[in-house]
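Participant: For reference, the chains in residue letters:
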Amino acid sequence: MSPSLILTLHALLFLLLFSVCLFGFIIIRRLVLERSQALFRRVYGQIEKDVLEAIYRLDPDFSLAVARKHKGRASVLTQVLLDFGDNIVGDGRDQLRIIFNHSVKDHCLRRLESRRTAKRLQGIRLFIIFFDPSENAFLFRLLDDKPIIKLAVITALSRFPSAETLSYIFTAFEKDTGFTVQSYFNVMFSLGDRIEQPVKTCMMRPLPVDKLGLFVELIGAIPLRNLAEEVVALAGHPDKEIRIRVARTLGKLLIPEAADTLVRLASDEAWEVKAQAVKSLGKLKNMGALDILTKSLFSPFWYVRYNAGHGLAEMGEEGLRRLRKVARQEEDKYARDMSEMVLDDLICPGEAA
Amino acid sequence: MSDMLQLLLHAFNILILAYFFLINAFYLLFIVLSLFGLFRHRELTRYVSFKEVFRLPLVKPISIIAPAHDEEKTIVESVRALLSLEYPVFEVIVVNDGSSDGTLDKLIRSFELERSRWVFRKVVAHQPVKGIYKSRAYPKLVVVDKVNGKKADALNAGLNISRYPLFCAVDSDSLLEKDALLKMVRPFLEDPDKTVAAGGIIRLANGCTVKGGQVLEVRLPRNTLARFQIIEYFRAFLGGRIGLGMLKSMLIVSGAFGLFRKDVALQCGGYRTGTIGEDMDLIVRMRRHLHNMKRPYEIRFIPDPICWTEAPETLRTLSRQRNRWHRGLLDTLLYNKVMLFNPRYGITGLFAMPFYFVFEMLGPFIELLGYIIFAVCIALGLLNHWFAVLFFLVAVVLGTLLSLLSLLLGEYSSERYPRLQDVLILTLYSLFENILYRQWLTFVRVIAFFDFYRGKEEWGAMHKKGFAQAG
Chain S
1 MSPSLILTLH ALLFLLLFSV CLFGFIIIRR LVLERSQALF RRVYGQIEKD VLEAIYRLDP
61 DFSLAVARKH KGRASVLTQV LLDFGDNIVG DGRDQLRIIF NHSVKDHCLR RLESRRTAKR
121 LQGIRLFIIF FDPSENAFLF RLLDDKPIIK LAVITALSRF PSAETLSYIF TAFEKDTGFT
181 VQSYFNVMFS LGDRIEQPVK TCMMRPLPVD KLGLFVELIG AIPLRNLAEE VVALAGHPDK
241 EIRIRVARTL GKLLIPEAAD TLVRLASDEA WEVKAQAVKS LGKLKNMGAL DILTKSLFSP
301 FWYVRYNAGH GLAEMGEEGL RRLRKVARQE EDKYARDMSE MVLDDLICPG EAA
Chain Y
1 MSDMLQLLLH AFNILILAYF FLINAFYLLF IVLSLFGLFR HRELTRYVSF KEVFRLPLVK
61 PISIIAPAHD EEKTIVESVR ALLSLEYPVF EVIVVNDGSS DGTLDKLIRS FELERSRWVF
121 RKVVAHQPVK GIYKSRAYPK LVVVDKVNGK KADALNAGLN ISRYPLFCAV DSDSLLEKDA
181 LLKMVRPFLE DPDKTVAAGG IIRLANGCTV KGGQVLEVRL PRNTLARFQI IEYFRAFLGG
241 RIGLGMLKSM LIVSGAFGLF RKDVALQCGG YRTGTIGEDM DLIVRMRRHL HNMKRPYEIR
301 FIPDPICWTE APETLRTLSR QRNRWHRGLL DTLLYNKVML FNPRYGITGL FAMPFYFVFE
361 MLGPFIELLG YIIFAVCIAL GLLNHWFAVL FFLVAVVLGT LLSLLSLLLG EYSSERYPRL
421 QDVLILTLYS LFENILYRQW LTFVRVIAFF DFYRGKEEWG AMHKKGFAQA G
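Chains S and Y are the protein sequences, given in the same order. Under the numbering used here, the first residue of the first sequence is numbered 1, with each subsequent residue one higher. Under the numbering used here, the first residue of the second sequence is numbered 1, with each subsequent residue one higher.
Read the hints as simulated data drawn from the structure, not as lab findings. Some hints here could point you the wrong way.
Below, in silico cross-link-like pairs of lysine-lysine (DSS-like), each with a Cα-Cα straight-line distance of 30 Å or less [said to hold, decoys possible]:
#: 1; chain 1: S; residue 1: Lys252; chain 2: Y; residue 2: Lys194
#: 2; chain 1: Y; residue 1: Lys178; chain 2: S; residue 2: Lys240
#: 3; chain 1: Y; residue 1: Lys194; chain 2: S; residue 2: Lys240
Okay, the calculated bits of chain S under chain Y, using three or more residues with CB under 8 Å as the criterion [to be verified]:
#: 4; segment: 4 to 11
#: 5; segment: 155 to 165
The beta-carbon is built from N, C-alpha and C at its ideal position, and this holds for glycine as well.
In isolation and in its complexed conformation, chain S is listed as follows:
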């Protein structure tokens, strides 16, 4: 036999063996998974029954007994606690906490030390649910972990907003870069008006545009009306993105005093800022803005015309009267068509852009 023939034969045998093993692995994995899932479901059912009884009885001794009974089934118990923990509040959660503290807490702590991100994440998730503020220090150590772990810790901390935890959250936010920055928005949003002071303090310091923009957006989303002045002060910011967000946020804050700023922004050099400003002016329903909205209907930019049209429609009878007037004129067919479309839209409404 020639060497090439021997080589090919060996390659064929190797590939064949590999394929058969792979096929066997897929089948065996399926069978094992199906079996373990059936077992998991059975054990889950037993634990679920006991946990439900503990929540019903509200007896710490019974909860303790449940914890001891199922301590050896840590992974299933962890799953049950994760599933129940998110949905049970009040006294029931206290019973869950007893079960957690006396069964899987050590297991969970070991998970937090694990080298595998997924295990650390699951550990943190449980900590988020059954978080004890006295363990703050333990979680603070994890703030130097990977961004995803850090974010999970921040989320845990946000459940117990003390001055100390807020300070940690905002310090982490200022230091952090990359994709998690956006995620802080959700954490801070969930804290509501508690973050008013830290946001104000942060905004006094020089911040990169993405973080500043996020704060402006946050002020509108919560909304934090006491920080309207800080937002108005950014109306002249050189970055277009910030000005767009200022215009949007002022529309959400619905503060009549912001009308002048919005009127100014409605004449901004960037059409995106104009479009957002006229939309917000419509929401404010400030009659003083009728002229600028009517003028904006003649803008060369579709979005400005569209938002101006809808802004006028929101102004009530006078706004509608102006829309009808523009719809009747023939000098600017773009303004006419947009007015007709907005009037038509009022009959056949869509969602505002």
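Given the coordinates of chain S, work out where chain Y should sit on it, guided by the hints.
Facilitator: Relative to the frame of chain S, chain Y by itself:
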């Protein structure tokens, strides 16, 4: 003369062997990378509830653009599925691209549409719009009736009419899973500045039970061709695109389901109407444009948002589809040939484009040449018969192994088929796929090459059964 012929055949043999080893090495590399990518994605999303995305105040609204041409059998079900998607703010723009059947009438009747005085910006060119329809009952729905201009033209019309900063291009004969948009939008929330496009998994609905625009039960189809295509899709999406995505070399976001940033698509001039491979063409031009502008960007492949589509079940329809795909690939690569081996375009110019050029575009030719030379060598007695048989078997088993590895990836993702016997059937099909089916596809793609040079621009009618009857 005989020596010359032998030398030539020997050189060809080496070329073909090198091609064979290289392409399989790349596919193996992609599968290994995909496995890592899949594990990483699973780890990161295991504890994330996508329902939470629904509540986020910063979530960006999406315009779903669904071009439709002669789709009366599936259009109503598809639009209902699109309207029932779970996402905070979205609009559905169905573009009836000059259908000659009852597509528009069915839409008007089913969704109580009324003609609207909708005005829009004509940022990108397209064939004239005959009318825009809206519905009192379904305020999210906009139907555009326009003169036929093919899919890219219809998508351009949809782009002009859309109002939101992200747009999702979908085939109107496809079904999106309810949470597909929530999953797909994730990279746009995590990194809104860099992410410009994202693609998801396409699966075949043939054989599955579909009700109310949703796949209720996942089953294998009875049709042989559809089963072969299931293995191909597994390889392409799980084995290929995740791996290519990890190498930042993904050049295609499927036209059946892709999410894009509208401003970037418009900066590139929207879809190029002269091409039939509009999905790949847009991604390549986006990459070209962003590289030229020196703007950092990401095009992501997300392995879990699922779009279901119907696979062709006859040789004739399948050959038309593959012919079109290959002509689209040729057109895109040649149109953007300036990027080939060009270091200015980074990994796209130095790896992605050359990979598609050599292995996807020229691949069928090299493969066909391989079969011919193989036959010639055997006929001339230049090749040991045993070697020929063994080499053919190596090729078949290697092909099967790659398919099995893709099935393994499916096992680790949510894309697996539930019954154990399905794995057995798919394994058998992945073995037989390498005999005749693969060779036939090579032939179809070679024909596509000549069709392209003859200037054929036909889309090729795709006769579909509709989801209820498929399988």
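Participant: With reference to the structure, classify each hint as holding or not holding.
Facilitator: Now for the hints, and whether the structure bears them out:
1. Between S:Lys252 and Y:Lys194 the CA atoms are separated by roughly 27 Å; this keeps the pair inside 30 Å, and the hint holds.
2. Proximity of Y:Lys178 to S:Lys240 is assessed by CA-CA distance (about 36 Å); at most 30 Å being required, the pair is judged violated.
3. Restraint check for Y:Lys194 and S:Lys240: satisfied, since their Cα atoms lie roughly 18 Å apart, inside the 30 Å limit.
4. Using a Cβ-Cβ cut-off of 8 Å, 5 residues of the segment 4 to 11 of chain S lie near chain Y, which meets the minimum of three, so the contact claim holds.
5. Counting residues of the segment 155 to 165 of chain S whose C-beta sits closer than 8 Å to any C-beta of chain Y gives 0, which falls short of three, so the coverage hint is violated.
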